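Top to bottom, those sequences are chains A and B.
39 is the number that our numbering gives to position 39 of the first sequence; each next residue is one higher, with no gaps.
175 is the number that our numbering gives to position 175 of the second sequence; each next residue is one higher, with no gaps.
One or more of the hints may lead you astray.
Unchecked claim - Sample of chain A residues facing chain B (criterion: CB under 10 angstroms; computed from the structure): (1) THR37; (2) ILE78; (3) THR82; (4) PHE103; (5) PRO107; (6) TYR113; (7) GLY130; (8) LEU135; (9) LEU190.
Stated by the list, open to error - Result set (DMTMM-like, lysine to aspartate or glutamate): computed pairs, CA atoms no more than 25 angstroms apart in a straight line: (10) LYS85(B) with ASP279(A); (11) LYS284(A) with ASP241(A); (12) LYS85(B) with ASP81(A).
Source of the hints: derived by calculation from the structure; they are not laboratory data.
Values in this document were obtained by computation on a predicted structure and should not be read as measured data.
All residues carry an ideal CB built from backbone N, CA and C; glycine is no exception.
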Amino acid sequence: MHGEEATGNYWVYDRRLRPGVQTLIPDTITVTGLTKTFGATIAVDHISFAVKEGEIFGFLGPNGAGKTTTTRMLTGVIPADTGTAVILGHDIRREPVLAKQGFGVVPETSNAYTDLSGWQNLMLMGELYGLPKGLAIERASDLLTTLGLFGRKDQKVLAYSKGMKQRLILAMALLHNPGLLFLDEPTSGLDVQSTQMILDLLRELNRGGTTIFLTTHNMEEANRLCHRVGIIRSGKMVALDAPEKLKAAIDRYHRIEVSFDREIPGDALTRLPGVVRADRTGDKWQITGEDRDSLIRSLVAFSQQQGAVIVTLNTLAPSLDDAFLRLTQGASP
Amino acid sequence: MNPAGFREQARRAWAIAKKDIRIYYVKGPVLIFGIFMPVFLFLAFLMGSRQLPLAFLVSGLVGMALFFTATAVSPAIFPWEGQAKTLERLASCPITIEAIVFGDMIASTLFGIGITLITVIIGLALGLTLLHGIMVLAAILLAAFCFSAIGMLLAVPPTNTPSNIMMLSSLIKFPLVFISGIFIPLEQMPPWGLALAAFSPLTYFTDLVRYAFTDGNYFPVIVDISALIIFTAVFTAVTMYLHKKTMPRRL
Numbered sequence: 001m002h003g004e005e006a007t008g009n010y011w012v013y014d015r016r017l018r019p020g021v022q023t024l025i026p027d028t029i030t031v032t033g034l035t036k037t038f039g040a041t042i043a044v045d046h047i048s049f050a051v052k053e054g055e056i057f058g059f060l061g062p063n064g065a066g067k068t069t070t071t072r073m074l075t076g077v078i079p080a081d082t083g084t085a086v087i088l089g090h091d092i093r094r095e096p097v098l099a100k101q102g103f104g105v106v107p108e109t110s111n112a113y114t115d116l117s118g119w120q121n122l123m124l125m126g127e128l129y130g131l132p133k134g135l136a137i138e139r140a141s142d143l144l145t146t147l148g149l150f151g152r153k154d155q156k157v158l159a160y161s162k163g164m165k166q167r168l169i170l171a172m173a174l175l176h177n178p179g180l181l182f183l184d185e186p187t188s189g190l191d192v193q194s195t196q197m198i199l200d201l202l203r204e205l206n207r208g209g210t211t212i213f214l215t216t217h218n219m220e221e222a223n224r225l226c227h228r229v230g231i232i233r234s235g236k237m238v239a240l241d242a243p244e245k246l247k248a249a250i251d252r253y254h255r256i257e258v259s260f261d262r263e264i265p266g267d268a269l270t271r272l273p274g275v276v277r278a279d280r281t282g283d284k285w286q287i288t289g290e291d292r293d294s295l296i297r298s299l300v301a302f303s304q305q306q307g308a309v310i311v312t313l314n315t316l317a318p319s320l321d322d323a324f325l326r327l328t329q330g331a332s333p
Numbered sequence: 001m002n003p004a005g006f007r008e009q010a011r012r013a014w015a016i017a018k019k020d021i022r023i024y025y026v027k028g029p030v031l032i033f034g035i036f037m038p039v040f041l042f043l044a045f046l047m048g049s050r051q052l053p054l055a056f057l058v059s060g061l062v063g064m065a066l067f068f069t070a071t072a073v074s075p076a077i078f079p080w081e082g083q084a085k086t087l088e089r090l091a092s093c094p095i096t097i098e099a100i101v102f103g104d105m106i107a108s109t110l111f112g113i114g115i116t117l118i119t120v121i122i123g124l125a126l127g128l129t130l131l132h133g134i135m136v137l138a139a140i141l142l143a144a145f146c147f148s149a150i151g152m153l154l155a156v157p158p159t160n161t162p163s164n165i166m167m168l169s170s171l172i173k174f175p176l177v178f179i180s181g182i183f184i185p186l187e188q189m190p191p192w193g194l195a196l197a198a199f200s201p202l203t204y205f206t207d208l209v210r211y212a213f214t215d216g217n218y219f220p221v222i223v224d225i226s227a228l229i230i231f232t233a234v235f236t237a238v239t240m241y242l243h244k245k246t247m248p249r250r251l
C-alpha cells in the first residue's frame, strides 16, 4: 500500500528478545527545524531537540505554546510544514508506519471506542499493530490486571469512569510493548489513585528501558519524573535541560533560610562574606547570596562566633514552577 | 513481518472492517433502514407503474438495495470518528490511510452484499427465476465494492459533522438513482438521459441484474462488467488519494 521498507529492527514486539537493537539507536527522537503554521499563526517555529533512549523527557509550556501540535507532528497525526522528526530511526513523514510501529500514544482525552468493550479495544490494537493473537491476549490480560481493569474488561468503555478510560488508553498504548511512549497530560483530572497507578507504571516502564515523552502542565510531576525537560513558548523552544539545572540557571542568586536560638543583629549578617542581603521573616532570616556553599560556611562560622545555635537551615532553590514562569513570561495565555 | 508491506496492511484493513461492522453496521436501526428504504421506494414505484414487468422492478429493487446500503453508513464513519477523536487514535497507529479507507470499504461492501441478497431472495419468492446466478453474484460483489468506494468518496470533505456529509450524500445519491434505468427502462430514455445514465455505475449493475433475471439487457454483458471494473478502480484510487490529502485537515 506504499513504499516503506522495514530496514530497521525497531518494530520487534519484545525488545528484550533483541538486545542488540538498543545499541543501534543513539537518540530515540531527533527533531530538526520542525515548523507548523495554521493560516497566519506559527504554531511551532523551527524547533530542534533530541530525546535520548531510556530518558523521561518532559515537554512543558503554557496553553497554546505549541506542545500538542509538536506531539501530533511527532506521532504522525499531522504533517509538519518544514523540518524533520526521526523517531526510532525512521523519518515520521517518509516511513510513518515503521516509526509508528515502535511507539505508543496516550492522548489527553480518551479516544478508545466507547461502543466496544475494553477487551475489544485492546484486541483491535493488537490487530492494528500486527500482534499474533496469543501474544495480544497475554499482554492484554497482564496489562488489564496491572491497571486494575481486568474485572471490567467485557464492559463497554461508555460505562468506564475517566480514570478507567485513561488507564485503558495506557494499556492500549502499551500492548505492543513499545520502546517509546508519548503521553499528553496523562494524569490530568484524575483521582489520586489513578494518578499514582499511572505514575508508578511509567517509572517501572522507564526502568525497563522505555523512553517516555511526557507533555504536562504539572510541574511537580515533571520535576519528580523527568530526566530532562524542554520548555516551549510561542512555538519556540526556550529551555532544554535537567529540571535541577533549569531551576539553578534561572536565578543568579541563591537563598537560604536560617533561624537561631537567640536574637542576631541583622547588620552583622549582611556583613558576612558572600551575603548580598538578609531579610527577617518571622523568627527566621532569609539570606541571599551568589554562592550557596560559601553562604552556608559563613553562617556556620558566624553562629560559632556568636555562640548561637542554628535551629533550622533550609536552602530555598527556585522551583520548576519558578523556572517555568520565568522562562515563559510574556507568553500569550 | 514488514508492517508497511501490502499483506500486513491488508490484515490491518480487515481489523478496521471488523471494528466498523461491530460499531456501525450490526445495529438494529441500521439494518432496518438498509432493508426498508429500498423496499419502500420499490413499493411506491410498484403502485404507480403497474404496467412494468415484475422482473424489471425487482432488478431495480436489487440495484437500489445495493446502492443505498453500500453507501449508507460509510460516508459518515470518518466524521463520526473525527468527532469522537478515535480517528486520531487510528492516525497514530501503524496503518496507512489507504488501509483505513480500504477497511471501511470492506465493511460497507459486506453490509451491502448481505442486505442485497435478501432482496434477491424476495425476487425469487415473488416467483422470478434466476437465469444467471453466478453472474448476479459476481455483479453484486463488484458493484458493492464500487458503491462502497462512492460512499467513501462522499466522505472526502474534511468535516467532522456527520449531518453535513449525509446531506451531501443524499443530494448525490437520489439523482443518481433516477438516471440509472431503475424506474425508467434504458430503452425508453431520451438520448440525453442515456448519456447521463452512461456515467452512473448503477446503470451497468442494474442492467446486469436484469440480464440475470430476464436474459435481456441494454448493454452487452462485457460492457456492463468492464464499466463496473473501471468505475471501481477509478473511484477506489481517487477516494484513497483524496482522503490522504484531506485527512490532516480533519484531525
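Structure-based check of all given hints:
Because the closest C-beta pair between THR37(A) and chain B is about 13 angstroms apart, greater than 10 angstroms, the hint is violated. Interface hint at ILE78(A): satisfied, since its Cβ lies 5 angstroms from the closest Cβ of chain B, which is below the 10 angstroms cut-off. A least Cβ separation of about 15 angstroms between THR82(A) and chain B goes past the 10 angstroms threshold, and the interface hint is therefore violated. For PHE103(A), the interface hint holds, since its Cβ comes within 10 angstroms of a Cβ in chain B; the closest pair sits about 8 angstroms apart.
Annotation: interface hint on PRO107(A) holds; nearest CB of chain B at approximately 7 angstroms, less than 10 angstroms. Against a cut-off of 10 angstroms between C-beta atoms, the interface hint on TYR113(A) holds, since the closest Cβ of chain B lies about 6 angstroms away. Restraint check, GLY130(A) versus chain B: the minimum CB separation of about 6 angstroms is within 10 angstroms; hint holds. Checking LEU135(A) against chain B by beta carbon gives a least distance of about 12 angstroms; that is not within 10 angstroms, so the hint is violated.
Because the beta carbon of LEU190(A) sits about 18 angstroms from the nearest beta carbon in chain B, more than 10 angstroms, this interface hint is broken. Note on LYS85(B) and ASP279(A): the hinted pairing is violated, with a Cα-Cα distance of about 54 angstroms set against a maximum of 25 angstroms. The hinted pair formed by LYS284(A) and ASP241(A) fails the criterion: a straight-line CA distance of about 33 angstroms is larger than 25 angstroms. Restraint check for LYS85(B) and ASP81(A): the C-alpha separation of about 23 angstroms stays at or below 25 angstroms, so the hint holds.
Of the numbered hints listed earlier, those contradicted by the structure are 1, 3, 8, 9, 10 and 11.
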